[in-house]
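Chemist: The residues making up each chain are set out below.
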Amino acid sequence: MKQMNWKELPHAGTILDAGNADGYETGSWRSFKPRWIEENCIQCLFCWIYCPDTSVTVKDEKMTGFDYKHCKGCGVCAVECPGKKGNKAIVMEEEGK
Amino acid sequence: MSTTTKEKPVTLKTLTNKQDLLSGGHRMCAGCGAPTVVRQVLLAIDEPVVISNATGCLEVSTCLFPYTAWRVPWMHSAFENAAATASGIETMYRALRKKGKIKKNMKFIAFGGDGGTYDIGFQALSGAMERGHQLLYICYDNGAYMNTGIQRSSATPFGANTTTCPAGSKIPGKLQKRKDLTRIMAAHNVAYAAQASPHNWRDLMTKVKKALASDGPAYMGIVAPCNRGWRTQTDDSILLSRLAVETCYWPLYEVENGTWTINYDPKDKKKPITEWIKPQGRFKHLFAPGNEWMLEKFQQIVDEDWESLKKLQGTFGR
Ligand SMILES: Cc1ncc(C[n+]2csc(CCOP(=O)(O)OP(=O)(O)O)c2C)c(N)n1
Ligand code: SF4
Ligand code: SF4
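Chains as they are written, first to last, in this note's numbering: chain U, 1 to 97; chain W, 1 to 318.
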C-alpha cells in the first residue's frame, strides 16, 4: 500500500478513515495456505467466526472462500472445520508448492 | 448451558449479515486468540459503541498510525488507564445527552490485556467499577505481558515459564497461583461479571449483550491464547481455549447482581489439567522427572478453585 507523506497524514494523532488497515496486506506473512474443498463443506461457518484475521469470506449467509490478501495462514480454520464424514473442507498447503 | 435472555438465540448464519467491525490487515501474530475475541464481542453489539484500549498487543497491533483496523470510534490509552479513559468518555456522553446534544443510546467498552488489567490498570479498573460507570471492561487474558516479551503477570498460571520467572535450576517457573480477578470484580458488587471463552462464541456473545444491557458497570474476563507466549502452534488457539474450559482451568460463569451461575459444568467429563498444559511449551518442564509435585499441585489448585466456585453457586445461585 502507498505510504502517506507528512502533508497527507491526519493531524493530532487522529485517524478518520476507520478500518483503513484493510489496505495493508498481511497475506505475505503466510507460509501455509488454506484451501477450501467445497464438497466437504457443511456451511457451519465455524471457520468464519474463529478466524482472527477476518479472512473467511461470506456471501448470502454462506462461506465462499478466503481473503488471501489478509489471511496469515494460521490454520485455525482448518483445525476447527468439522467437514463432512470426517473429511475436512479446509486443508493447509505449503505456499509456493 | 443456562442463560436467561429472552432474545432469540443468535445464529452464525444471521451474524454473517453484520459488518465485521475489526478489519483484516491488523498485525496481531498469525493465530492469536485476541482478535477472534474482539470480532466476537463487536458482532454481539447492535448499538453504536466506543472503545478505549490499554497499551498491549491488541492496542499496538490493531492501530499503527495512520492505519487502524477498527471500524468503530476507538481511543488509545496508556498501559494503566483504559478504564479511566472509558469512564471519561462515558461521563461526557451522559453530559451531552443531558444537554440534548446526543440522542442515540450508546455503549462503552474498555479492552485491556491481563498485565494492563490485573496489574498496572487495576486501580483505574477498580475505581471505574466503584463509581458505577455504565461501561463494560473486557480483559483478554493471555496470561502474561506478551507484547514486551512474555513477562509474568498476576494472571500467569502456576508453573508457567516466562522471561521473568524462567524455569531453570533456581526456580521451576512461576511459583504462585494466578489471581482470580473475575471474583474480585464480583466483590465490587458490579451489575455483571463473567468469564467467557471464544470457543463458545454463543455464550461469549450472550454475555456481552447481557453485560451491556445491565444497569451499571460490567466486567468480563475472556481467555485469549497466545501462541508466542504459550509456546504452542499457530492453529490451536480455539482448541486450547476449549480445553481451558473443559479442564475447569477457565470455568464459564457469570455473576448477575450477586447471583452466581456456572454456565458449563463438565460433571464427570472434567478433563485432567495435563490435557490443557501438555501442548504448551511454557509448561514443558512440569513433565520433567522431579517436577511431578508441580503437576499434582496444579491439579489441586484447579480442583480447589472449581469446588469453591460450585459452592458459591450453591450459596448465591438461583
Ligand atoms: C507505564 C508503562 N510501562 C510499560 C509499558 C511497556 N508495555 C507496553 S505493552 C506492555 C505489556 C502489555 O501486557 P498485557 O497487558 O498483558 O497485554 P498483552 O501484550 O499480553 O496483550 C508493556 C509492559 C508501557 N507502555 N507503559
Ligand atoms: S488460515 Fe487463519 S487467517 Fe487464514 S482464513 Fe484460516 S483462520 Fe483465517
Ligand atoms: S504476542 Fe501473543 S498476544 Fe501478542 S499478538 Fe502475538 S500471539 Fe497475540
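None of these hints come from the bench; they were simulated from the model. Keep in mind the model is a prediction, meaning the values are calculated, not measured. Just to be clear, a hint being listed does not mean it is correct.
Using 27 Å as the maximum straight-line C-alpha spacing, the simulated BS3-like pairs for lysine-lysine come out as follows [as the list claims (entries may be wrong)]:
#	chain 1	residue 1	chain 2	residue 2
1	W	284	U	88
2	W	267	U	62
3	U	59	W	18
4	W	284	W	179
5	W	179	U	33
6	W	177	W	311
7	W	278	W	267
8	U	69	W	13
9	U	59	W	311
10	W	179	W	311
11	W	278	U	62
12	W	103	U	59
13	U	84	W	269
14	U	88	W	209
15	U	59	U	84
16	U	2	U	85
17	U	85	W	209
18	U	33	U	7
19	W	170	W	278
20	U	69	W	18
21	W	269	U	62
22	W	98	U	84
23	U	85	W	13
24	U	69	U	85
25	W	103	W	18
26	W	177	U	62
27	W	310	W	179
28	U	59	W	8
29	U	88	W	8
30	U	85	W	98
Chemist: Does residue 269(W) sit within 27 Å of residue 84(U), going by the straight-line distance between their CA atoms?
Modeler: Answer holds: residue 84(U) to residue 269(W) is near 26 Å, not above 27 Å.
Chemist: Given the hinted pair residue 177(W) and residue 62(U), is their alpha-carbon gap at most 27 Å?
Modeler: It is violated: about 44 Å lies between the C-alpha atoms, which goes past 27 Å.
Chemist: Mind checking the alpha carbons of residue 179(W) and residue 311(W) for me, to see if they're no more than 27 Å apart?
Modeler: holds (19 Å)
Chemist: Measure nothing beyond the straight line between the CA atoms of residue 278(W) and residue 267(W); if it is 27 Å or shorter, mark the hint as holding.
Modeler: Judged against 27 Å, a Cα distance of about 22 Å means the pair holds.
Chemist: Given the proposed pairing of residue 33(U) with residue 7(U), does the C-alpha separation stay at or below 27 Å?
Modeler: Measuring from Cα to Cα gives roughly 38 Å; hence the hint is violated.
Chemist: Are the Cα atoms of residue 88(U) and residue 209(W) separated by 27 Å or less?
Modeler: violated (33 Å)
Chemist: Is it true that the CA of residue 284(W) sits at most 27 Å from the CA of residue 179(W)?
Modeler: holds (22 Å)
Chemist: Please verify whether residue 177(W) and residue 311(W) have alpha carbons no more than 27 Å apart.
Modeler: It holds: about 20 Å lies between the C-alpha atoms, which stays within 27 Å.
Chemist: Has the given pair, residue 85(U) with residue 13(W), been kept, meaning a C-alpha gap of at most 27 Å?
Modeler: holds (22 Å)
Chemist: Between residue 310(W) and residue 179(W), is the straight-line Cα distance small enough, at 27 Å or below?
Modeler: Answer holds: residue 310(W) to residue 179(W) is near 18 Å, not above 27 Å.
Chemist: What's the verdict on residue 59(U) and residue 84(U), does the C-alpha distance respect the 27 Å limit or exceed it?
Modeler: OK: residue 59(U) and residue 84(U) at ~21 Å, within 27 Å.
Chemist: Does the alpha-carbon distance linking residue 269(W) and residue 62(U) stay inside the 27 Å limit?
Modeler: Measuring from Cα to Cα gives roughly 34 Å; hence the hint is violated.
Violated hints, in rising order: 1, 2, 5, 9, 11, 12, 14, 16, 17, 18, 21, 22, 24, 26, 29 and 30; the structure is consistent with all others.
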